[in-house]
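Undergrad: As a plain string of letters, each chain reads:
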Amino acid sequence: MNENKYKFEIINKLDLFFCMFLSFEFFLQSIREILLDRNIIFELLPLISMLFLGIIFSLIWCKFFKKEFLIIIFGISMSFGNIILRIPDIGDIFYTYYTGMYFIFFSISPIFIGVFGYINENNKFGKKNNKDNKENIINILNNLIDAKFLAIFSIILAVSYNLLFRLLEISNDLLLNIFLSFIVFGFCIKMFINIINELKMLNTNFKIKRNYNKESLENLKKYEHAGKNSLFLLCNIPAFIWLTLPFSYPEVYAYLTGLNFGFTITLIIIGLFVGAIFGSIAFRENNNLIKKITPILSILSLLFGFAPFFGSKTPILIPIFLVAGYIVGFTIHYIFESFFEQQNYDFEKILGVFLFLMYFCLIGIKLITIERYMPYLEGLLALGFIIPAFSFYFKKIKEDEINIEF
Amino acid sequence: MKLTLSFKKSSQKSFNSIILISILILLPVFGSLYKAIDSSSHSIKFDKKVWCSLYTWYGVPGQPAGKYFYPEWQKNASSPNDTGFNFSLSTMTNITKNLIPNQFNISGKATSPNQSLVLHFNYSRVHYARMYIELNISVNNLENGDLKLQIYHRKNNQNLVCEANINNKINQSNQFTIVNQVLNLYLNSTPISYFPGKIFVINFTANDIGDYSLAINYLEASSWLHYDEDYHTYADKDGFWYNDPPIHIATAHRVYYDGVKWPEIPSYGFYNHSKWNEVPENKAIQYGIYDSLNESVIKAQLMLMEKAGIDVCQIMHPFGIDVAELILEVAEKINSNLTFSYYIGGKLNEIADVMEKIANNPRFFKIDGKPVINFGSTGSLNEPYSVQIQRAIEIKKLWNVILVGDLYSSRYITKEEMLNVFDIWYYYDTSAAYRMGYGAPDIPNYQPNGELLPFNNWNHLDQWFGEISTLCHFHQKGFVAIVIPGTDNTVVHGFIGSPLYDGRPGTINERVNGLTYNKTWLAAIKANADFINIVSWNELHEGTEIEPTIEDGVLYVELTKYWSEIFKNT
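Read top to bottom, the protein sequences are chains X and G. Counting along the first sequence from 1, when you hit position 161 you're at 160 in numbering that gives the first Met the number 0, and nothing is skipped either side. Counting along the second sequence from 1, when you hit position 515 you're at 514 in numbering that gives the first Met the number 0, and nothing is skipped either side.
It should be emphasised that the hints constitute simulated quantities derived from the structure, not laboratory data. Any given hint might turn out to be false.
[Stated by the list, open to error] Cross-link-like lysine-lysine pairs, in silico, DSS-like; alpha carbons within 30 Å at most:
#1 G:525 to X:312
#2 G:44 to X:312
#3 G:298 to G:525
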C-alpha cells in the first residue's frame with residue numbers, strides 16, 4: 000500500500016476537514032464578537048498580537064515537531080475558547096470574553112498551518128487526468144473530494160455556515176457552540192489516539208525525523224518554484240478578506256438588490272460552492288468551458304465592487320453577486336490547488352507569510368474603514384481576483400499547446 | 000480477490016464521504032433558502048410612528064434635575080449633632096452651635112484677624128456630578144470687618160471651589176442674608192481620585208478681631224448629573240465645566256409659532272457656563288438653558304412636540320423615575336396626545352422602576368399592549384455581546400415588554416444575532432454615518448483632527464439605514480431610523496489636539512439650514528423605516544436639538560411637521 004495513503008488512514012481526511020471547517024467557523028464568529036470602536040484599539044492590541052504570535056509559534060513547532068500534534072493541541076484549545084467565549088461575564092471586567100478570544104485568536108493560525116501543512120506533506124496524488132474516471136459521476140466526485148479539496152472547501156463551508164447561523168439566529172447559542180466544540184474536540188481526541196497507537200507501533204516519538212532521503216531532497220529541489228507559488232497563494236488574500244468579513248456585508252447587498260436577506264445569502268452561498276467545485280474541476284479535469292468563462296466572469300465580478308453606485312433596489316445586481324461568489328470560491332480553490340500541486344518544501348513558511356499578510360491587511364482595512372466609508376474598496380479587492388483568473392486561463396492555454404505537441 | 004474487496008471498501012467509504020459532504024453543502028443552501036421564504040411569508044407591519052428624544056438633565060438648585068436634594072439635615076435633624084457639620088479645624092474661640100427649627104446657628108470669636116469658622120460637612124449621596132449648592136445665610140456682627148467665605152470640596156482646605164467676600168457693613172440690628180446665592184461646585188465623575196473624603200468645607204474667615212455669628216437658613220446641594228455615556232465629566236483645571244450646552248445655542252424662551260404664543264420656557268437666570276460667581280456679558284447667554292423639571296417648560300415642550308407631528312416622546316435616561324412621572328403628570332394636565340417611552344441605560348433596576356410605576360399609565364407607549372422600553376447601550380460600549388444579550392434576555396424573561404435594542408454597542412459590525420432578543424432595532428449614532436462620509440457633498444463634516452472630511456460625497460445614507468432595515472425586516476423585527484438635524488458635540492468631546500480631547504474625537508455635522516435634517520429624513524423614508532426617532536428634541540450639549548432656539552427659531556419644528564406627515568403617508 001502506498002505510504003501516503005497509509006498515512007491518511009491514520010488521520011482520516013474527514014478528521015482534518017471537520018477540525019478546519021469548525022475552527023474557521025469559530026474564528027469567523029469570534030471576529031464578529033469583536034467590539035470595534037475608535038478608541039478600543041489598545042484593548043484589541045493583545046488580541047491582534049495573539050494572531051501573529053500564533054503564526055510564529057506554529058512555524059517554530061513545525062521545525063521540530065510533527066504537525067499532527069499542532070492540529071490536535073490547538074483544535075482542543077480552539078474548542079475550549081469557543082465555549083468560554085459564549086459564557087457571559089458577571090462584573091465589569093470581561094474575563095471569559097477575553098480568555099475565549101485569546102484562545103481562539105491564538106489557535107487559528109496553528110490549525111490553518113497544521114492542516115494545510117499536513118496535507119501538503121502527505122498528499123502525493125497530484126492531478127488526476129484519468130479519463131476513465133469520467134465515466135460516472137461518483138468517480139468524478141471521488142476524484143474531486145480528496146483531502147486537498149476538503150481542506151480548501153472547509154473554509155468556504157465555514158463561511159456558509161457562519162452566514163446560515165446568522166440567519167437562524169443561533170450564532171450565540173450556547174448549546175450549539177458546546178456541541179460544535181465537542182465535535183472538534185472529539186475529532187482531535189480521535190486523531191490523538193490514532194497517532195499514539197501509530198507511534199507505539201513504529202516505536203518513535205512526536206519529533207520530526209530528519210533523514211534527508213531521496214524524497215526530501217527532491218522536494219528541496221522544488222524550492223525554486225516557491226516564489227511563483229507564493230505569489231499565487233498571496234493572491235488569495237483579497238478572497239480571504241472578503242470571506243472573513245464574512246463576504247463583506249451581505250445585508251448591504253440585500254438592500255441594494257431589494258431582495259430579502261435570506262435570498263442574498265443563498266445566492267452568495269451557491270456562488271461560492273459552484274465556484275469552488277468548478278475551480279477544482281477546472282484544475283483537475285482541464286475543462287475548456289470553465290477556463291474560458293472564468294476570466295470573463297472575473298471582470299464581471301468587478302461590478303460587485305461598484306454595487307453601491309448602482310442605486311438602491313436594483314435587481315440587476317443579483318447575477319453580479321452570484322458571479323462574485325463564484326469567483327471567490329474559484330480563486331481560493333485554484334490557488335491552493337496549484338500550490339499543493341508543487342508540494343513545496345517551505346509550504347508552512349509561505350502559509351505563515353500568507354496568514355501574516357492576511358491579518359495585516361484585514362486589520363489594516365478595518366482600521367482604515369472604521370471611520371471612513373469606502374464604497375470602492377470591494378472593487379479594489381475584486382481586482383485581486385482577476386490576476387489568478389487570467390493566470391489560470393493562460394496557464395491552461397499553454398498546457399493545451401503542450402498537449403497538442405504531444 | 001483481496002484487491003477487489005479493498006477497492007469496494009474504499010469506494011463505499013468515498014461514496015459515504017460524498018454523501019456527507021453533499022449534505023453539508025446542501026444544508027446552508029436550503030437552510031438559507033427556507034429561512035428566506037419563511038421570512039417573506041410572515042412579513043410584519045408596524046404602525047408608523049415618529050419618536051423624539053427628550054433630555055431632562057438641565058436643572059437649577061431648588062428644582063434640580065432629578066431632585067437630588069441635599070442635605071436632609073435641614074429638615075430632619077433633631078439635635079445639633081445630627082447636622083453632619085463639625086468644627087474640628089476652626090481657629091476661632093468660644094464656638095457654639097445651636098439648632099433651632101429650620102436654622103443652623105454658629106458663633107465664634109476672632110481673637111486675631113484671619114481666624115476662621117470652619118464647617119466640615121460630610122456628603123455621601125451626591126456623586127460624580129456637578130453640584131449646585133444654594134446657601135442662604137444670615138450674618139451678624141459684621142461691623143467688625145469683612146467676612147471671607149470660601150468653600151472647598153476636600154479635607155484640609157484643598158481645592159478651593161468658590162470664594163466671596165461678605166463685605167457689606169450693616170447695622171447690627173439687621174441680618175445680612177445671602178439669598179439664593181448659587182455656588183456651582185463642580186466635581187469630577189471619577190469617584191475614587193476625586194472623592195477622597197466626600198467632604199466639603201465651608202470656611203468663614205474673619206478679617207478682623209471680633210465676635211461673629213452666622214445662621215445657615217438652608218443649604219441645598221443638588222446635582223447636574225450627566226449620565227455616564229460620556230465616561231467622565233469635563234471640569235478642567237481652570238474650573239470650567241465643559242459639559243454644558245454650547246454657548247452659541249440658547250433656547251428660545253418665548254416661542255411664537257403658528258400665530259400662537261406658546262407657554263413660556265423660563266430660564267435659569269444668570270447661568271453662564273462658567274464659574275459660579277461670574278455674570279455673563281452676552282445677553283443671549285443670560286437666557287441660558289431652562290430647568291428640565293419646570294412644569295411650564297415641560298408643558299411647552301410637549302405641546303410643541305405634538306404640534307410637530309411627533310407621536311412618541313422618548314424620555315432619555317432621567318435621574319429617576321420621578322422625572323418621568325412628572326412628565327406624564329403634565330401630559331395628563333394638558334391632555335396631550337403624545338405617548339411616552341423610556342430609555343434605560345441597560346440597567347435592570349431602572350426597568351423595574353418603569354414597569355412598577357409608569358408602564359401602566361395609559362399614555363405610556365405600547366405595541367400590542369406591551370410597554371415599549373428602549374434598551375440603550377450608551378455607557379457600556381466595551382461590553383461584549385454575550386453580556387448585553389444576557390441582560391436583554393433577563394429583561395424579556397422578567398417582563399412582557401417590547402424591547403427596543405441599540406445597535407450602538409456593535410459599532411461597525413451589524414450583529415443581527417441580537418434580533419433574537421430585541422423586537423425593534425436602531426443605531427443611535429447617525430452622526431457617525433455623516434462623519435464616515437455617507438452624507439452629501441454639500442453637508443460639511445469633519446475628521447477627528449478637526450479638518451474637513453475629504454470623502455464626503457457618496458450620498459449613500461439610505462444604505463446605512465437600509466442594511467439595518469433589511470436585517471430587521473428579515474428577522475420579523477421593526478426598524479427605527481435615527482434622524483438628526485446636525486451635530487456639534489465639541490463642547491463635550493474635542494477634536495484631537497484640543498484641550499477637550501478625551502479619546503473620543505468630537506463630531507460636527509453641519510446643519511446647512513436644514514439640509515442635513517431633510518436628507519436624513521429622506522434616507523430614512525427610502526430605507527423603509529417602521530419608526531423614525533428624532534435625535535433630539537433638546538440635547539443641546541451635543542448640538543442635536545430641534546426645539547426652538549434663538550438661532551434657528553421654529554425652523555426644525557416646522558420641518559418635523561412636514562416630514563412626519565410624508566413619512567406616515569408613504
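Undergrad: For every hint, state whether the structure bears it out.
TA: Here is how each hint holds up against the structure:
1. Between residue 525 (chain G) and residue 312 (chain X) the CA atoms are separated by roughly 10 Å; this keeps the pair inside 30 Å, and the hint holds.
2. Our distance criterion of 30 Å between C-alpha atoms is met by residue 44 (chain G) and residue 312 (chain X), whose separation comes to about 20 Å.
3. A distance of roughly 34 Å separates the Cα atoms of residue 298 (chain G) and residue 525 (chain G); the hinted pair therefore is violated under the 30 Å criterion.
In this structure, the one hint that does not hold is number 3.
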